[in-house]
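K.L.:
Read off the chains here:
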Amino acid sequence: MVEVFVEACRALASPDIITYLLIGSSIGLIFGAMPGLGGTVALALATPFAFVFGMEPQAAMFLFAGLMGSIAFGGSIPAILLNAPGTASNAASAFDGFPMTQQGQGAKALGISATASGLGATVGLVVLASLLPAVRAVVLLIGPPELFMIILFGLVAVAFAVGRDLIKGLASAGLGVLLSFVGFSTVFGSSRFTCGSWYLWDGIQLIPFLVGIFAFSQVINYMTRGGTIARAEQGTKMGGSSWEGVKEVFRHKVCFLRSSAVGLIIGLIPGVGGAVANLLSYNVALQSSKHPQTFGKGQPEGLIASEAANDAKDGGALLPTVGFGVPGSSEMAVLLGAFILFGLTPGPLLIRDHLDIVFTLILGLFVSNMFASTFGLLMARFLAKLTFINVRYICPFMMTVCFVGVFSVRGHILDVVTLLLCGLLGYGIDKFGFSKVCLVIGFILGVLAERAFFQSLAIGYGSYTVFFTRPISLAVFIGIILTTVFSMVTMRRRGGKSERD
Amino acid sequence: MKGTDVETALFDGLILGLVLLMVLTSFNYGLEARTLPIVMGSLTLMMLILTLIKDVNPKLQKKLNISLFDYKRLDSLRKADESEKLNATIKAKSVLSSITWTAGYCILILLVGFHVAIPVASFLILKFQVGAGWLKSAALAGVLWGIILVGFQIALGLELFRGILFGERMPAF
Chain R
1 MVEVFVEACR
11 ALASPDIITY
21 LLIGSSIGLI
31 FGAMPGLGGT
41 VALALATPFA
51 FVFGMEPQAA
61 MFLFAGLMGS
71 IAFGGSIPAI
81 LLNAPGTASN
91 AASAFDGFPM
101 TQQGQGAKAL
111 GISATASGLG
121 ATVGLVVLAS
131 LLPAVRAVVL
141 LIGPPELFMI
151 ILFGLVAVAF
161 AVGRDLIKGL
171 ASAGLGVLLS
181 FVGFSTVFGS
191 SRFTCGSWYL
201 WDGIQLIPFL
211 VGIFAFSQVI
221 NYMTRGGTIA
231 RAEQGTKMGG
241 SSWEGVKEVF
251 RHKVCFLRSS
261 AVGLIIGLIP
271 GVGGAVANLL
281 SYNVALQSSK
291 HPQTFGKGQP
301 EGLIASEAAN
311 DAKDGGALLP
321 TVGFGVPGSS
331 EMAVLLGAFI
341 LFGLTPGPLL
351 IRDHLDIVFT
361 LILGLFVSNM
371 FASTFGLLMA
381 RFLAKLTFIN
391 VRYICPFMMT
401 VCFVGVFSVR
411 GHILDVVTLL
421 LCGLLGYGID
431 KFGFSKVCLV
441 IGFILGVLAE
451 RAFFQSLAIG
461 YGSYTVFFTR
471 PISLAVFIGI
481 ILTTVFSMVT
491 MRRRGGKSER
501 D
Chain V
1 MKGTDVETAL
11 FDGLILGLVL
21 LMVLTSFNYG
31 LEARTLPIVM
41 GSLTLMMLIL
51 TLIKDVNPKL
61 QKKLNISLFD
71 YKRLDSLRKA
81 DESEKLNATI
91 KAKSVLSSIT
101 WTAGYCILIL
111 LVGFHVAIPV
121 ASFLILKFQV
131 GAGWLKSAAL
141 AGVLWGIILV
151 GFQIALGLEL
161 FRGILFGERM
171 PAF
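Same order as they appear, the protein sequences are chains R and V.
Okay, so the first sequence: first residue is 1 according to the numbering used here, each after it adds one.
Okay, so the second sequence: first residue is 1 according to the numbering used here, each after it adds one.
Note that these hints are calculated values from the structure, not bench results.
With a straight-line cut-off of 27 Å between C-alpha atoms, the simulated BS3-like cross-links for lysine-lysine are:
1) R/Lys431 - V/Lys91
2) V/Lys127 - R/Lys385
3) V/Lys136 - R/Lys385
4) V/Lys59 - R/Lys431
5) R/Lys253 - R/Lys290
6) V/Lys93 - R/Lys431
Which bits of chain V does chain R cover? Going by a derived footprint, with three or more residues having C-beta under 8 Å, they are:
7) 17-28
8) 50-56
9) 105-118
10) 140-147
11) 155-162
Beta carbons: idealized from backbone N, C-alpha and C, even for Gly.
One chain only, chain R, in its complex shape (with noise of 0.2 Å):
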């Protein structure tokens, strides 16, 4: 394990590694700072490209790493400096970002912002590198009945955890792992759900389903809505001392450390991501503070808390995703997208056989989240101000990358209209409450699925026994009834809860 990460830094002294986890990163601040688009767009956008452009799985995973370390940092400084966060990540970092701008004090925050991010994305992936080593053992135990039981599990997860509404979530996964089907399956030599097009014999291609249901759908709710993300020209006086805000993080080391916890355990949970992780450890920081009433004023430890979690929970997310393939968050699921177009294939085995591609990602969300720490504070200023283009600009622009990025992977035309109709699905799944990440993950795991429920059935002679009668097999079902029995205790409590109050 340790020659594999020697290589891997061996490989990031190459200038052309360099230079593609610097534009990763760059796109990464860009996409960061622009609401609406963010991490999942990018890597969306940047997928069938880094494919087109005929780079190695190597290069391209510390390209999608440069993108993924980035956009946490980017989305801060809107949030900081405007009132505006660039991704739902974000969303806390302005409750007391922005008071400390308008008290003068916009430099100090972004450099407790660039700290606290640099850091906490540290602190998750050396507790992610740390794991690795027990994971790979855990891996070489797991055979298609427990990888059946694990893919349960991160459906069931994904579908409590996600969204405001559990039966919608629950539904978007149903018909996500439905529309996986579609198409020639190798399991039973049969085409299902094909209406005898040739062209779904191949089953509903993955990069223009990504494309449309992420990026695509941002762009006919950005055509509808107009408009600029900042309402009015507030400025973006940045007051203070960067240097200031470093030493606010060492300052606050406890609540740095505890955030980073949360953010990383939350990052575990697949499906839920940074939106809950960064306001879950804002609330937990308020709860712990001996100070409750300076929160939403410009405290210092607001801001740590919820950018430490936001950037902690990347090396959570990464682990049930690289470890067994159940994607920790959106931005997983479609860099799981990527592992396939790359012909990896996701899963426990990605670990054993691929421990470089692993040891690439670590290295490279590392860089560049140091990289987006630094330079993300001197084009801060730039950064906030494409919060005043009219979004309707970026359409055109948009659109067009995604057309031109579909059709280039394997030059089928009729992928754009793939592209056209799951944009308009993406669409009507966000505009009325259902879940996209479900939906997602759903389309992902559901073949995988089906082939392990097969394979158990072949290697238990038929018997549906063979899931219970193998040890990790029956930890993880005993695991997916806890979180629902878990779940469902949990909600009837705060139902009981709020029809008290």
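On the provided structure of chain R, position chain V as indicated by the hints.
P.N.:
Coordinates of chain V only, in the frame set by chain R:
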């Protein structure tokens, strides 16, 4: 029902119809091939029926709008986002207009290919949908087309679709 409730119910019905169609189609397949589609489809149908009932009956919404995390508490910490206020006032006409422009761009690509569709569609969208001036629209459309031409056709040697009207054959559907 309010306007937006009608739209929500319609969308729920559309998805429900799609899933029902898939479940019914599954019965034509072999025993193993239809197992998971029928199981997953049936569970999904149940969820969608509950969703539809909830969306057409506001009294049931409070009981059935359940989530694991306390979003009410989190929302109380979060100040109202400007974009949320914007979203609430979006009219159906605006949505239809956006869908028409995007579908129109797609159809144009199929008919005349990327090299004509990109500058034409970009120009039309910028001029008539965004409201930019003639010169600005033409310049931005030209820049975009130039990026695609140089980046893909010339640098990568990628042949972009030329369009049905220019002799390109549509692949078999």
